[in-house]
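Chemist: Residue numbers (our numbering), protein chains in the order written: chain D, 8 to 329; chain H, 576 to 816.
Everything labelled a hint here was simulated from the structure, so no lab data went into it.
Take these hints with a grain of salt, some might be off.
[Claimed, not checked] Simulated pairs of lysine to any residue, SDA-like, Cα-Cα distance not exceeding 25 Å:
1) H:Lys655 <-> D:Ile210
2) D:Lys18 <-> D:Ile210
3) H:Lys699 <-> D:Ser183
4) H:Lys655 <-> D:Ser183
5) H:Lys758 <-> H:Ala717
6) H:Lys655 <-> D:Glu180
[Claimed, not checked] With beta-carbon atoms standing in for the labels, derived distance ranges:
7) H:Arg686 <-> D:Ile269: 53 to 59 Å
8) H:Leu710 <-> D:Met118: 18 to 24 Å
9) H:Pro668 <-> D:Arg116: 41 to 47 Å
10) H:Met807 <-> D:Pro304: 52 to 58 Å
11) H:Ser633 <-> D:Gly293: 47 to 53 Å
12) H:Ser633 <-> D:Trp90: 52 to 58 Å
13) H:Met807 <-> D:Arg116: 44 to 50 Å
14) H:Arg683 <-> D:Ala91: 47 to 53 Å
15) D:Ile269 <-> H:Gly669: 58 to 64 Å
16) D:Arg116 <-> H:Phe590: 45 to 51 Å
17) D:Asp316 <-> H:Lys651: 35 to 41 Å
The C-beta atom is built at its ideal place from N, Cα and C for all residues, glycine as well.
As a plain string of letters, each chain reads:
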Amino acid sequence: MGTYIKGSNIKLFALIFVALLLLPLIFRNPFFLRIATEALMWIGLAISWDVIGGYTGRVNFGHGAFFGIGAYITAILMMNWGWAFLPTLPVAGFGAGLVAFIIGFPTLRLMGAYFAIAMWSLALAFQQLALLMNITGGPDGMRLPTFLNPEFFFYLMLVMVTGTFVLLWYLMECASFGFKVRSIREDESGAMALGLNPTRIKIQAFVLSAVPAGLIGGIYAYWVSYIDPPSVFGDIITDQAIVMTILGGMGTLIGPAIGAVILFAFKTVFWAYLSDYQVLYLIILGVVIALTVFFLPNGVWGTINSYLDHRKSKKNYSLISL
Amino acid sequence: MAETILKVDAVTKTFGGLHAVENVSFNIDIGEIVGLIGPNGAGKTTLFNVISGYYAPSTGNVYFMGEDVSGQPPYKLAIKGIGRTFQVVKPFPGLSVLDNVVIASLSRHPRRRDAEAHAWEVMKFTGLADRAQILAGSLTLAGRKRLEITKAMALEPSLILLDEVVAGLNPTEADQTIELINKIREQGKTILIVEHIMHVIMNLSDRVVVLNFGSKIAEGKPEDVAHDPAVMKAYLGEEEQ
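Using the sequences and the hints given, assemble the complete structure.
Modeler: Structural data, given as C-alpha cells:
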C-alpha cells in the first residue's frame, strides 16, 4: 500500500491479459481450455473472498453461498422463466449482492470466529433451502441447456475475472476505499474516532465481495450445465478460496491469484493421476493451511514482497552511508 | 465573553449499579485548554467516551457548538469536529504511519491524493514526517502517542480531547509533547486534556475540572484548585486528628 499503480505493473497486467487472450488460439485442446477457465474462476473467487477476508479482516466461511445463489438464479431464470443466458448474469450478481447487504447487518457485527461460524451456517442454510424447494429442483438439482463452446466460456470468464481484478485493484490499491477497509481491519473503534462509519464500510466491502462471486456462479451454472445443492453450495468452494488466498497472501490481489493458480494446478494433477486418493485432498488442504500459517504467514506473495522491500531498503541504507 | 464550544450538562453514566460519572456539568470556551484531573477510577476516561460518542450518557446532555449531540455515534461527532486520542493507543498497527494519517485525513479530504498531501502537512507539524514509512505497530510508545495526536489533528477538529498523551513518556519526550500541545493551541484549537502528571496540567491548563468517584468536586484556575481542600482530600486523604 502507499503506491499508486506503477507503469511497470500496468504493463505486466496487460501482458498477462493479452497472453490469456491468445491462449485458446495456441492450445486448441478443449480439456486444456476447461482447466484454464476453471483456474480463472478460482482466481475470481479467491480475490473476491479476499475483499472481505483479507482487506477487511472478516474471515468469511460462507463465500460459497454467494456463488451458489448466482448459479441458482441463472439456472432458475433460464429454465423456469425462459430467459436467455446473458441477461441472467446481472440478476445473479445483484441477487448475491442483495443477500450480502441484508445478512451483513447482523453478521458483520460479529468478530473473528463468530463471523466465520455465522456465515458458515448461513451457507449451510442456503444449501438446505435449495434441497427443499421445488423451484430449485431439490436434491435432483437443475439441468441447463448445454452450450458446448469452450472458447465462449473461457473468454466470458476471462472478461469477468479481469474486470473484477481491475475494479478491485482500483478500489483497494488506488482509491481511498482501500484505506477505509484496512482501518476497519486494524481497529474498528479507532476508525470511528476518525469519522469513518464501520457498519457502512463493512457492508460496502461485503457487497463488493459477494457480487463477483454471484456473477461467477451464474457463468459456472451455464458452463457445467448441471448444478445441485452440494456442487454449488458445498463447503469445498469456500474452503478452496480461503486456502488459495492464505497460501498466496491475504490482503493483496496478486497473492490470491497466485495461490489460486498453484492450488488449482495441484488439484488438477492430483485428481488426474491420484484419483484413488481423493479422500486425501481435504487433508492436504488442511496441511497446506497449517504449513502456510507456520512458515509463510504472509503467503507466497507477501513473502516475495517483503524480501524485495528488504533488498530495496538495504540499497537505500547503502546510499545513505555513502 | 467567549463563546462556549462544549457544554456538559448534568451528565451521568452508569454501568449496571456503578455510577462511573455522576451529574457532572461544565463548559469549555473556544480557544481554552481545560484540564480534567482526578485520582484513578474517578471517571475521566468514561467522561471522555461520553463526550466523543463512544458511550451514550445515561442521563444529561452534551452540547457541541450549541447542538445537542448526546448519544450520537463517534464517527458523526468526529465529522462535526471532535477529535480524540486514546489512553490505550489505537494505531492501525499493520499500516505505515503515513497510511494511518491518510485515513485520518479522509473525512475532510475524500480524494486520496488530497488526503496524502494533507497527511504530510500534519506529520510535519507534529514531527512524525521522518517516520512516515515505518509500520505504526513498530513505533515506540512516544511515537505511538505522537501518532494519536497526529491522527486527531488530521481530522481538523475544533475541539480536541487528549487522553493521557504525556503519561509514560520520559522527560525529554514529555517536554516535546507539551510543546506540541502549545503549538496546537496557537492554531486556535480548543483542548480538553486528561493527565495524571500534575505539572503538565498546571502548566498547560487555563482551567481545571476535578473529578472524584464520578462527581465533580472542584473547578477553577489551576493554582486555586491545587489548594482546594476537597481536592487535597481526594488526592492525599484526610489528616488524622
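Chemist: For the range 45 to 51 Å, tell me whether the beta carbons of Arg116 of chain D and Phe590 of chain H fit it or not.
Modeler: 21 Å, violated
Chemist: Please verify whether Lys655 of chain H and Ile210 of chain D have alpha carbons no more than 25 Å apart.
Modeler: Holds. Lys655 of chain H to Ile210 of chain D sits at ~23 Å (cutoff 25 Å).
Chemist: Mind checking the hinted window 41 to 47 Å against the Cβ distance between Pro668 of chain H and Arg116 of chain D?
Modeler: 23 Å, violated
Chemist: Per the hint of 53 to 59 Å, is the separation of the Cβ atoms of Arg686 of chain H and Ile269 of chain D within bounds?
Modeler: 37 Å, violated
Chemist: Against the range 52 to 58 Å, how does the distance between the Cβ atoms of Ser633 of chain H and Trp90 of chain D compare: consistent or not?
Modeler: 56 Å, holds
Chemist: Is 52 to 58 Å a correct range for the gap between the Cβ atoms of Met807 of chain H and Pro304 of chain D?
Modeler: Taking Cβ atoms as reference, Met807 of chain H and Pro304 of chain D lie about 54 Å apart, which means the hint holds.
Chemist: Take a quick look at whether Lys655 of chain H and Ser183 of chain D sit within 25 Å of each other, Cα to Cα.
Modeler: 21 Å, holds
Chemist: Do the beta carbons of Met807 of chain H and Arg116 of chain D sit within 44 to 50 Å of each other?
Modeler: 47 Å, holds
Chemist: If I claimed the Cβ atoms of Ser633 of chain H and Gly293 of chain D lie 47 to 53 Å apart, would that claim hold in this structure?
Modeler: 49 Å, holds
Chemist: Given the hint that Lys655 of chain H pairs with Glu180 of chain D, test it: the Cα-Cα distance must not exceed 25 Å.
Modeler: 28 Å, violated
Chemist: Does the Cβ-Cβ separation between Asp316 of chain D and Lys651 of chain H fall within 35 to 41 Å?
Modeler: 38 Å, holds
Chemist: Decide if the proposed pair is consistent with the structure: Lys18 of chain D and Ile210 of chain D, CA atoms, cutoff 25 Å inclusive.
Modeler: 33 Å, violated
When each numbered hint is compared with the structure, violations occur for hints 2, 6, 7, 9, 15 and 16.
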